[in-house]
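S.K.: The listed protein sequences derive, respectively, from chains C and W.
Numbering of the first sequence is given in the working numbering, commencing with residue 174 and proceeding in unit increments.
Numbering of the second sequence is given in the working numbering, commencing with residue 134 and proceeding in unit increments.
These aren't lab readings, by the way, just hints derived from the structure by calculation.
Every residue, glycine too, gets a C-beta built ideally from N, C-alpha and C.
A couple of the hints might just be wrong.
[Said to hold, decoys possible] Estimated spans, in silico, between C-beta atoms of each pair:
#	chain 1	residue 1	chain 2	residue 2	range
1	C	GLU338	W	HIS179	45 to 53 Å
2	C	GLU338	W	VAL147	53 to 61 Å
3	W	ALA173	C	ASP202	20 to 28 Å
4	W	PRO178	C	ARG315	37 to 45 Å
5	C	GLN298	W	ASP249	31 to 39 Å
6	C	SER243	W	ARG135	53 to 61 Å
7	C	PRO252	W	VAL147	15 to 23 Å
8	C	LEU181	W	VAL176	21 to 29 Å
9	C	GLY336	W	VAL176	46 to 54 Å
10	W	ASN175	C	GLY336	48 to 56 Å
11	W	ALA250	C	ARG315	30 to 38 Å
12	W	ALA264	C	SER243	42 to 50 Å
13	W	HIS179	C	ARG296	20 to 28 Å
14	W	SER219	C	PRO210	19 to 27 Å
[Unchecked claim] Which chain C residues face chain W? A few, computed with CB under 8 Å, are given here:
#	residue
15	VAL179
16	ALA183
17	GLY190
18	THR191
19	PRO206
20	HIS269
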Amino acid sequence: MSRVRVILQAMIILAAGTGAGLAYNAMSDSGIPLRTPRTVTASEHVNWSLYLEGVRASLADAKAAFDSGSVVFMDARGPRTYAGGHIPGAMNLTPHDVSTDGRNKLAGIPRDAQIITYCGGARCQASVKLAHLLKQGLGFTRVRAFFDGWGAWVNAGYPVKKGNEP
Amino acid sequence: MRWVRYGIPVVLRVALGGVLIWAGLAKVSEPALFALTVRAYNVLPHAFINGFAVVVPWMEVAAGVCLLAGFWSRSGALAALALLASFGIAIAINLYRGADLDCGCFGLDGARGSLDAALAQDLVLIGCSLALLYVRNMPVSLDRWLEGRAGS
Numbered sequence: 174m175s176r177v178r179v180i181l182q183a184m185i186i187l188a189a190g191t192g193a194g195l196a197y198n199a200m201s202d203s204g205i206p207l208r209t210p211r212t213v214t215a216s217e218h219v220n221w222s223l224y225l226e227g228v229r230a231s232l233a234d235a236k237a238a239f240d241s242g243s244v245v246f247m248d249a250r251g252p253r254t255y256a257g258g259h260i261p262g263a264m265n266l267t268p269h270d271v272s273t274d275g276r277n278k279l280a281g282i283p284r285d286a287q288i289i290t291y292c293g294g295a296r297c298q299a300s301v302k303l304a305h306l307l308k309q310g311l312g313f314t315r316v317r318a319f320f321d322g323w324g325a326w327v328n329a330g331y332p333v334k335k336g337n338e339p
Numbered sequence: 134m135r136w137v138r139y140g141i142p143v144v145l146r147v148a149l150g151g152v153l154i155w156a157g158l159a160k161v162s163e164p165a166l167f168a169l170t171v172r173a174y175n176v177l178p179h180a181f182i183n184g185f186a187v188v189v190p191w192m193e194v195a196a197g198v199c200l201l202a203g204f205w206s207r208s209g210a211l212a213a214l215a216l217l218a219s220f221g222i223a224i225a226i227n228l229y230r231g232a233d234l235d236c237g238c239f240g241l242d243g244a245r246g247s248l249d250a251a252l253a254q255d256l257v258l259i260g261c262s263l264a265l266l267y268v269r270n271m272p273v274s275l276d277r278w279l280e281g282r283a284g285s
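Extracted from the complex, chain C is given alone in its bound form:
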């Protein structure tokens, strides 16, 4: 009798885990579709590599950083796109800026400041390129790339700001 009970209880434990997993997945920003999509997306691959290198910021990371107010966001898209809408407080700095006078925008920022770069999302590489330049070229030590970027930010309904001002 007790053997049956042990098995039943074990199934209840696993079912409780299942419930917790489904609930968390439904509520979390980093939730995924329960049925596996046909192919792995480019975005997943890039996020994976960034994660392995320890420079990935997920949507949840970006939001937490935004709320904390202690992280510098850098919008790597062109000035016009930036003016059309950006993360409030983000400075506009393209990878091209870094190799020209645009670099001066970085003057007041300490090398150990926490920085998160982003661009449009899965179809752009500017966020990753900028993060690389900041880290390897200019010696900033705490740079992460929010590769899912603007698209994911807007989809999540997080605050946005229009215009040339950060």
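Starting from the known structure of chain C, arrange chain W on it as the hints suggest.
M.R.: The following block gives chain W in isolation, referenced to the frame of chain C:
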């Protein structure tokens, strides 16, 4: 030999529970990346990969919490055994295939050793859970406390 009867089950239980909770929590927050790991193992039917990645880390946590607290201890050990056995099979298949994989067991950074080390770890944990399956009257456990209350 009181300490053998009392100490060893408790140590095994806490160790196994702790490892399961650690392994589970390391994967919980990044289901998309864990799904890529599961995909790389290439043992599950494609459609189930995401569901597995969503649910299994939490199963590990659930079994780990039961073991740690000593709540339904034997059932927790059985649940752990089921999970560990399935991991063991997946690892063994890939060892046989000679696949170049990271375990992805305690996090997704690929920094924790080879597949054969992972299989060895898994077998040790399976041993723990098997041993715990036979402990009927678990010392220092919620089970015993609840039983005591029911009895009095």
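S.K.: None of the hints should be skipped; say for each whether it holds.
M.R.: Hints, verified against the model:
| no. | hint | verdict |
| --- | --- | --- |
| 1 | GLU338(C) x HIS179(W): 45 to 53 Å | holds (48 Å) |
| 2 | GLU338(C) x VAL147(W): 53 to 61 Å | holds (56 Å) |
| 3 | ALA173(W) x ASP202(C): 20 to 28 Å | holds (24 Å) |
| 4 | PRO178(W) x ARG315(C): 37 to 45 Å | holds (41 Å) |
| 5 | GLN298(C) x ASP249(W): 31 to 39 Å | holds (37 Å) |
| 6 | SER243(C) x ARG135(W): 53 to 61 Å | holds (54 Å) |
| 7 | PRO252(C) x VAL147(W): 15 to 23 Å | violated (58 Å) |
| 8 | LEU181(C) x VAL176(W): 21 to 29 Å | holds (28 Å) |
| 9 | GLY336(C) x VAL176(W): 46 to 54 Å | holds (52 Å) |
| 10 | ASN175(W) x GLY336(C): 48 to 56 Å | holds (50 Å) |
| 11 | ALA250(W) x ARG315(C): 30 to 38 Å | holds (32 Å) |
| 12 | ALA264(W) x SER243(C): 42 to 50 Å | holds (48 Å) |
| 13 | HIS179(W) x ARG296(C): 20 to 28 Å | holds (25 Å) |
| 14 | SER219(W) x PRO210(C): 19 to 27 Å | holds (23 Å) |
| 15 | VAL179 | holds (5 Å) |
| 16 | ALA183 | holds (4 Å) |
| 17 | GLY190 | holds (3 Å) |
| 18 | THR191 | holds (5 Å) |
| 19 | PRO206 | holds (6 Å) |
| 20 | HIS269 | violated (31 Å) |
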